[in-house]
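Take a look at the letters that make up each chain.
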Amino acid sequence: MTLLPLFSRIIGKLKEFWKVKVFRFAILTQLVYFTLSTILFFLFFYQENDFVIFYKSGKIFLTDIENLYNQANYLWDFRYFPLSALFFIPFSFLDFGLAYILFNCLNFILNILICLILYKIIKVVRGQDHERDDKRIILYISFYLMGVPHILNYIYGQINLFVTFFILTSLFIFLFYKKNSWQFVGSVILGISIIIKPTSLLLIPFLLILHFDLEKRKLKIDFFKSVIRLVGVLLPVLSNFLLFIAFPKLLGGFLSTNFTGSNPIALNFSFSLTKLITNFCFLFNIPFNQLTILVASVGIIGGLGFFIFVLRRRDKNSILYGYSIGILIMLLTYYDSWNHHLLNLTPLMIILIFSFPRHSNLLNYIKPSLFFFNFFDLIFVGIWYFTYPLFPFNFVGTFFLFLTFYGVSKYCIVKKTNNINGGDS
Amino acid sequence: MKIRNRNLYASISFILIFIIGFASDVVALNYTFGFTTDEELVWKCNFCDINKMNNIFGENWSSTGLFENLSQGKRMRWQGYVTNINDTSLSRTFNISVWNNEYETGSYDYSTEFSYLKDPSQYEANYNLSNAIPFVPFWLPVPVGNYLGELKLSSIYDVDNRVLPTINVQISRGFLEPSLPSEKVYIIAIYNSDGILSSFKLYTIGNVVVIDIIFESLPIYVVPLTIGLICAFFIAIILYVKKKRKK
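Chains as they are written, first to last, in this note's numbering: chain A, 1 to 425; chain B, 1 to 247.
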């Protein structure tokens, strides 16, 4: 019964959005992506997509869990936490083609829900100097829906939208509800997103309510809330370790596939800094240890990001900046950062644009990056295929990741100065 | 307006029915050659640590086979001259000039035939592509990714088709003979879309490369496209910064 008013409010809001031409165009674009992807899937990618892996993982989880990381069972490596396979069990009972279509229908619905959460969050974080009507918000939400990374997400039957949905839901809870019980719920939801795909793993440190006041030279920590959040996020993540303890073979498979096997060495078009380094070493025959490079990248970029987060001069909506920095660190440092992973980042970038002052100079870093990720990044994946024998570096995406990182970091730590026109929000 | 909407819904329904119609169709692939019979294939050895190879595989590793006379800077040339395709297999005979320092040479050292089953699933389970160095073939039928994907290879192989058709090989100590190789070695073999081995790296623990071989004939667009990409990137940044400064 309580869901009914919520449902009618959602429909009401969507009707409002529908009145705006660009939103109608964005929905049409989504339908084109959906249809095109489905046609391409059945014509060319039926046996070659990520959904094959998820579908099989659901089956193996039920029938032969010890061999969940036996890569001989899959076309490509299954690399996620073991509990992620739980999500695919219902699909694994269906015919593969039908399961794929249903899964992508769910992806489409998730996109609509993501838009609604995005709208709600932007309304809260939007600065005072922004337009008071919703036209600009709907415009940016439409940009998100029109994003080219959706094509690959649909074709591959990927699970990024689940991750985005859970990240935004937890962000929504943290921004709207301050009670400890809600802090716990928000962090459990983030933990679920990590189970589905560890892209949001590096968001965990940013759940700490830790702030070094540079003016007063005083470290502030909300110990109790931080512990609640940590417990909440770690509960779902650590539940995977129950499986690792019960089936020790799983842990070895998980570690080897993700960190030490041949997979991280393979030449590919990932735009992460770590992959650019390993590709460089591969090209020039420089001996390297992939794990050392990963740890060093996470240590340096992650450390810098966390340091900036702790030293921030703006406490309002700090969780938003923490989440943004966390995802940026992940995309910059994990071996494989693909075009469709950007669907985890672009909604946060849209929120950032509204949380920054309307005419801030720092938007010159965020906006071009958003448009690059949303519309042009895929082109450079295509170019990589032509240049890789000589130049196997998909570096443009990395550049824009750093640009965004710089923009967010600068906004967090720089005092209200001339560099940031429009003042604090 | 209503008629327009009805047409839109009808079109979407038609497309969905069309898609679902495909759902049960799995088309059998017709594997074939990715390059013409008379195309010359040249590989160059960028790096070869002969002492290390002697330590790992013994002194005779370069006396026969596809690594005969291999050392840094040398090239190997292949040219096909007979192609046979029947219902079950495809084969091609190549003239092979073993690794040497001469780039232009008319004579070949020997001829050999390479054949593949047209249906890769017909190979036995735990199949080894080769039981001797280099453990991987220098060409494969196309589409190469699908062909590799359908092979039921032995546990020393790990095929990765996500981005580039790649074979990762792990050869344990004593795989060939009780003491050979003397340590664990790894191979990464990457194939181009024509099914030709485009990069071969043999390395030891710590990614220390012992042999690096590349397919020499880069497509004509690679160099201009790479230079164009880098130049366009820097020009775009300079123009953007200038534009913003003017404002």
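It cannot be assumed that every hint is accurate.
[To be verified] Cross-link-like lysine-lysine pairs, in silico, DSS-like; alpha carbons within 27 Å at most: (1) B/Lys246 to A/Lys410; (2) B/Lys242 to A/Lys367; (3) B/Lys244 to A/Lys415; (4) A/Lys249 to B/Lys246; (5) A/Lys410 to B/Lys243; (6) A/Lys135 to B/Lys242; (7) B/Lys244 to A/Lys135.
Calculated directly from the structure, the hints in this document are not laboratory data.
query: Does lysine 249 of chain A pair with lysine 246 of chain B here, judged by a C-alpha cut-off of 27 Å?
result: violated, 61 Å
message: Need the status of pair lysine 242 of chain B, lysine 367 of chain A: alpha-carbon distance at most 27 Å?
response: Answer holds: lysine 242 of chain B to lysine 367 of chain A is near 17 Å, not above 27 Å.
message: Check whether the Cα positions of lysine 244 of chain B and lysine 415 of chain A lie no farther apart than 27 Å.
response: holds, 22 Å
query: Does lysine 410 of chain A pair with lysine 243 of chain B here, judged by a C-alpha cut-off of 27 Å?
result: holds, 22 Å
- prompt: Straight-line Cα separation of lysine 246 of chain B and lysine 410 of chain A no greater than 27 Å?
  reply: Distance of about 22 Å is within 27 Å: holds.
- prompt: Taking 27 Å as the top limit, are the C-alpha atoms of lysine 244 of chain B and lysine 135 of chain A close enough?
  reply: Roughly 26 Å separates the two Cα atoms, so the pair holds.
query: Are the Cα atoms of lysine 135 of chain A and lysine 242 of chain B separated by 27 Å or less?
result: Outside the cut-off at roughly 31 Å; violated.
In summary, the structure is inconsistent with hints 4 and 6 from the numbered list given earlier, while agreeing with the others.
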